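Turn these sequences into a full structure, and let the hints steer you where they fit.
Residue-level listing of the chains:
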Amino acid sequence: MSEPIHRQLGMTDGEYDAVVGILEREPRPAELAMYSVMWSEHCSYKSSRAWLGRFPTEAPWVVVGPGENAGVVDLGDGWLAAFRIESHNHPSFVEPYQGAATGVGGILRDIFTMGARPIAVWDPIRFGSLDDPKNRYLFSGVVSGIAGYGNAVGVPTLGGEVEFDDVYAKNPLVNVMALGLLRREQLVLSAASGVGNIAVLLGAATGRDGIGGASILASASFDEASAEKRPSVQVGDPFEEKKLIEACLELYDRGLVVGIQDLGAAGISCATSESAANGGMGMDVDLDRVHVREADMTPGEILMSESQERMLAIVTPEDLDVVLALAAKWEIDASAIGTVTAGPQLKVMHRGELVAELPAASLSDDAPLYHRPVAVPEYIETAWATEVELDLRDVPNVLLQLLDDPAIGDASWIYEQYDHQLFLNTVIGPGHDGSLLRIKGTDKGLAVSTDGNGRRCYLEPRAGSARLVYEAALNVAVTGAKPLAMVDNLNFGNPEKPGVMWQFTESVEGMSEACEALGIPVVGGNVSFYNETDGVDIFPTPVVGLLGLADPMPQSPPRLDRAEDGMDLWLVGDDERDGDLAGSAVARVLGAPHVGRPASPDPAAARSAVETALALAHVAPVLHDVGRGGLAVAVAEICIRSGVGCDLMEREASSWFEESPHRLLVATAKEDGPPAASAKRIGTFTGTNIDFGTHGSVSVADAASTWRQAIPRRLH
Amino acid sequence: MKIQVEITRRPGLRDPEGATAARALRDLGFTSVSDVHFGRSIVVEVDGDDRDQALTDVEDMCRKLLANPVLEDFTVEVLD
Amino acid sequence: MKIQVEITRRPGLRDPEGATAARALRDLGFTSVSDVHFGRSIVVEVDGDDRDQALTDVEDMCRKLLANPVLEDFTVEVLD
Amino acid sequence: MRTAVVVFPGTNCERDVVYALGVLGARADLVWHRETDLSSFAGVILPGGFAHGDYLRTGAIARFSPVMDSVKAMADAGQPVLGICNGFQVLCEAGLLPGALVANRDLSFICRPVHLRVESTDSILTRSATVGDVLEIPLNSYEGNFVVPEADREALHTVLRYSDAQGGVDDDANPNGSFHNIAGVANRRGNVAGVMPHPERAVEDLLGSTDGRILLESYLASLAPIHV
Ligand SMILES: Nc1ncnc2c1ncn2[C@@H]1O[C@H](COP(=O)(O)OP(=O)(O)O)[C@@H](O)[C@H]1O
Ligand SMILES: [Mg+2]
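Protein chains in written order, with my numbering: chain A, 249 to 964; chain B, 55 to 134; chain C, 55 to 134; chain D, 76 to 303.
I should point out that these hints are in silico values taken from the structure, not numbers from a laboratory. None of the values given here were measured: they were computed from a predicted structure. Just to be clear, a hint being listed does not mean it is correct.
Said to hold, decoys possible - Straight-line alpha carbon distances no greater than 20 Å define the calculated SDA-like cross-link-like pairs of lysine to any residue that follow:
1. B:Lys118 - A:Pro381
2. B:Lys56 - C:Ser86
3. B:Lys118 - A:Ala417
4. C:Lys118 - B:Ala76
5. C:Lys56 - B:Arg94
6. A:Lys418 - B:Val124
7. A:Lys688 - A:Arg431
8. A:Lys382 - B:Arg117
9. B:Lys56 - C:Thr74
10. C:Lys118 - D:Ser145
11. C:Lys118 - B:Arg77
12. C:Lys56 - A:Arg541
13. C:Lys56 - B:Arg77
14. B:Lys56 - C:Thr62
15. B:Lys56 - C:Gly83
16. B:Lys118 - C:Ala73
17. C:Lys118 - B:Leu82
18. C:Lys56 - B:Arg63
19. C:Lys118 - B:Asp81
20. B:Lys118 - A:Asp379
21. B:Lys56 - B:Asp114
22. C:Lys118 - D:Pro141
23. C:Lys56 - B:Phe128
24. C:Lys56 - B:Ser86
25. B:Lys56 - C:His91
26. B:Lys118 - C:Arg77
27. C:Lys118 - D:Pro224
28. A:Lys692 - D:Gly283
29. A:Lys688 - D:Gly283
30. C:Lys118 - B:Phe84
31. B:Lys118 - C:Leu82
32. B:Lys118 - C:His91
33. C:Lys56 - B:Leu67
34. A:Lys382 - C:Asp81
35. D:Lys147 - B:Leu82
36. A:Lys688 - D:Gly97
Stated by the list, open to error - Partial list, derived from the structure: chain D residues whose beta carbon lies under 10 Å from chain C:
37. Leu131
38. Arg132
39. Ala135
40. Arg138
C-beta atoms are modelled at their ideal positions from N, C-alpha and C, and glycine is treated no differently.
And the structure:
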């Protein structure tokens, strides 16, 4: 009764027939394994590829767009930045520490593969409610995994995001973004070229780690049976990665590599076929040369192993000895495992036997492409027809409930576990809007913000996704950085469901429109489908990672802790909108039904908010975008961080919590007057209370202790 | 009563710490070292004198907290 | 040959892992737990079959590298 | 008068130390751990990071690196030897400083600024400071919890302790459980010192604090032969 092997490997009958068509024969076992993983959703993007072309990807400053290991943009004066975002959702559910740790390791390899030194990481993460011990275990495990790997490998983690919602309980989202810096002449690409050049495998020994992991973990839905897949957990070794980073950077410095590729999903089979195909070449690979951890591995296991911390460098035969000596100096293993051929075949030998011979390019270029059916899901009609009803009259009390929310409360329990200062670049670290790094030896600064909001995107994927781009843009703009380029991580449910595909296509459309409105190219991304458990899909959760350039960087960039007694508080941006409670934090925290239709953002207002922020970042002591929890939370964040109260002007209770987009809070000295023509004064910093006039008041001390305890009190 | 718990990494999983220690030992001149495996050993002191109960309890502690079932195997025994 | 090394923290020196585990176990309902001590157990594989030589070597490895004399005590034994 | 900044595999703060010394106008060179000759250097710094992955025990493998014989020779000759964070751990493992550093009391990594009170100025780390000075310096470690056996306690030369902003030293001001709130120690002679927080992370206003300068300046001032 056993299923045919291709189906056990997650391949459809049609995909199998396509393989037979390419090879003009039945595939050998190792070949079938290679196609099954390379044609998995995770590696081939077969359900999403048709839509990703919608993203705007061009701008004069884009050096490398989507398709390579990381996007690369020009910062001027010979400096380039490489960045990328990845998900490690399913592995983190199976083993939170190692899942998150290997996620960090993987994204860093994408960066130094490009020739860049990785200089920072961000970690947007999502879990089920902290009321459940299992979720607490996953959350603290993921945070220690990111800390354990990131700190030891020596790359600081400068920020991220965290959300809690039971839709993520059995399917946490662990996304990691990394940024690297390089000089223009250091840029390297993956393409193998030059017949006779040698493929050198660098780094950790190949073991039986995560074999088939990519296809099994990333492409199949989770159910109780997933427990059986546990032995395929991969263990990360940050020490090996640190040595690998230094060795590779020295190889580039000395001009010793022709091309280089990291080993990720599908290990050696993916790295060899991709580098050969990208160079329009072929490759002969000898598996007996691979340094392995266990003696009796089968050729399929060696080819498919996902052991971490490995790279495949293409070098000339003349340089081979120097390359091996350099690897020895850094105390990493290296073996010459292949030779570049004119192609187009990838030929793999093991103990004198041919175990695979296939057109290198067919693994990627001939991968299936699906135009999956798209349909508006049923929940949308009811959700859109229903208004959000909330009693928000007790403003101080509602504010305290928001500050006690672990997604809004102080995140320092997370980020104090991360080294966020290494390299001495961190001008604004975690705990503010965007992070800001200086580039030493220049006047420039780089800013990054990561943003996601699954609840809003569920109710309105197009508007919700567009808003992420606008929010991220404002978060970097308040540091003085102009939005430059974006990466995205599209975390969605099962694409075989038309409703999920609708969420997906709407989301891509929304992000694309917003990127066009702000002139932001998308230079890379990642799609994670099949985030469902027992048939229930997660919220559509796109996460954007935006890079901005401050040139020059403000001398003294705005911070949340610089408000002082006597300063005025101003609001910039449209304050009279409706429909901004749908999908809001206050609706979630007060337990309202998850309904309503979030209003669409306004591209013109978004542009003007970004421009205002950019100008004010050079003069205002405090500049803060209004995000989760609306105005009340944004004001409280300033008061808590600055240790000063605020006398606020009268306004309608609900308007303290609505999450209308494109708004900024600015603090200025009294004598400075309005910071912008459209600014409206809404209060004055003074005393020890956040005073909402007739709505009541709350002391800064109470607000602060509630906010500080939001995460810790749930863990201990 | 003292119960000794021995926790070892599941076979086949990578042990970077062991590999690093093996390399260091060979560098120090212990060239006969072929491999090193790292484990943890934990002594749990419990009140009471029902040995079987204590063993069952400690096994339960291992499953719930002390060992990571995804990565590790464990054994327990009563120390005299 | 496999040699088992057991490394324990010297009495009187703080053991934060053990203290935290004891607290966590009691929180989990294992109220009979009075104390927990964390140690390390290391298996060293060495070539050759002179047991005495192997034991002497591994003791030497412990003194030099595997254990910290300021903090730790160790025992070694040959595994079958 | 150059400083050697030792790089073990896994060290990661080496460039930061060189940069910070540069901000103070001093020159430092990176030295790979397999070097054996430090005779051209007036002092040596073992920077922070994760030498050998911190596997086995933090600092344990690093102390056998070829460079360590020269480090010991410099220590014996009275030249300044400074260990920061992981470097402090290595000096303890090497027996150049007493005690050891174990996991933080709460078993989590701590990255945040802490206050330190200067306890003694008889060291290369504190000679330019004044007893009672309170400095704000970033801490960044998992194994920063200083322990010392009974027998070594009497002879301990404490130079810095964790305190509150006013210089009060108590349990609340102890971030990691260190014995006696100890954040930095020196040998008797004062020429070998170890400090857990990172002075090199506090030399520029742009990054939040310049309180680390006085510690690095003390080190630099010690580069001339010291007289005890
Ligand atoms: N998982 C995390 N890792 C590191 N820092 C985090 C994490 N979650 C939140 N933070 C930090 O806490 C601060 C507040 O986060 P958030 O409320 O998401 O900011 P915003 O609403 O401005 O986007 C940010 O500076 C962020 O970097
Ligand atoms: Mg913000």
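Would the pair Lys56 of chain B and Ser86 of chain C pass a check requiring their Cα atoms to be no farther apart than 20 Å?
Distance ~12 Å between Lys56 of chain B and Ser86 of chain C Cα, so the pair holds.
Is the Cα-Cα distance between Lys56 of chain B and Gly83 of chain C 20 Å or less?
holds, 18 Å
Would you check whether Arg132 of chain D satisfies its interface hint, that is, whether its CB is within less than 10 Å of any CB in chain C?
holds, 6 Å
Hinted pair, alpha-carbon criterion (20 Å max): Lys118 of chain C, Pro141 of chain D. Please report holds or violated.
Given that 20 Å is the threshold and the Cα spacing comes to 15 Å, the pair holds.
Does Asp81 of chain B lie within 20 Å of Lys118 of chain C when you go C-alpha to C-alpha?
Roughly 12 Å separates the two Cα atoms, so the pair holds.
For Lys118 of chain C and Phe84 of chain B, compute the direct alpha-carbon distance and say whether it is at most 20 Å.
At roughly 11 Å apart (the allowed maximum being 20 Å), Phe84 of chain B and Lys118 of chain C satisfy the hint.
Does the structure keep Lys118 of chain B and Ala73 of chain C at a Cα separation of 20 Å or less?
Within the cut-off at roughly 17 Å; holds.
Given hint Arg77 of chain C paired with Lys118 of chain B - CA-CA distance at most 20 Å:
holds, 14 Å
Take a quick look at whether Lys118 of chain B and Leu82 of chain C sit within 20 Å of each other, Cα to Cα.
holds, 9 Å
Given the hinted pair Lys56 of chain C and Ser86 of chain B, is their alpha-carbon gap at most 20 Å?
Given that 20 Å is the threshold and the Cα spacing comes to 12 Å, the pair holds.
Taken at face value, is the distance from the CA of His91 of chain C to the CA of Lys118 of chain B at most 20 Å?
The given pair, whose Cα atoms are some 17 Å apart, holds under the 20 Å limit.
Is Lys118 of chain B close enough to Ala417 of chain A, meaning Cα to Cα at most 20 Å?
holds, 19 Å
Against the hints set out earlier in the document, no violation occurs for any number.
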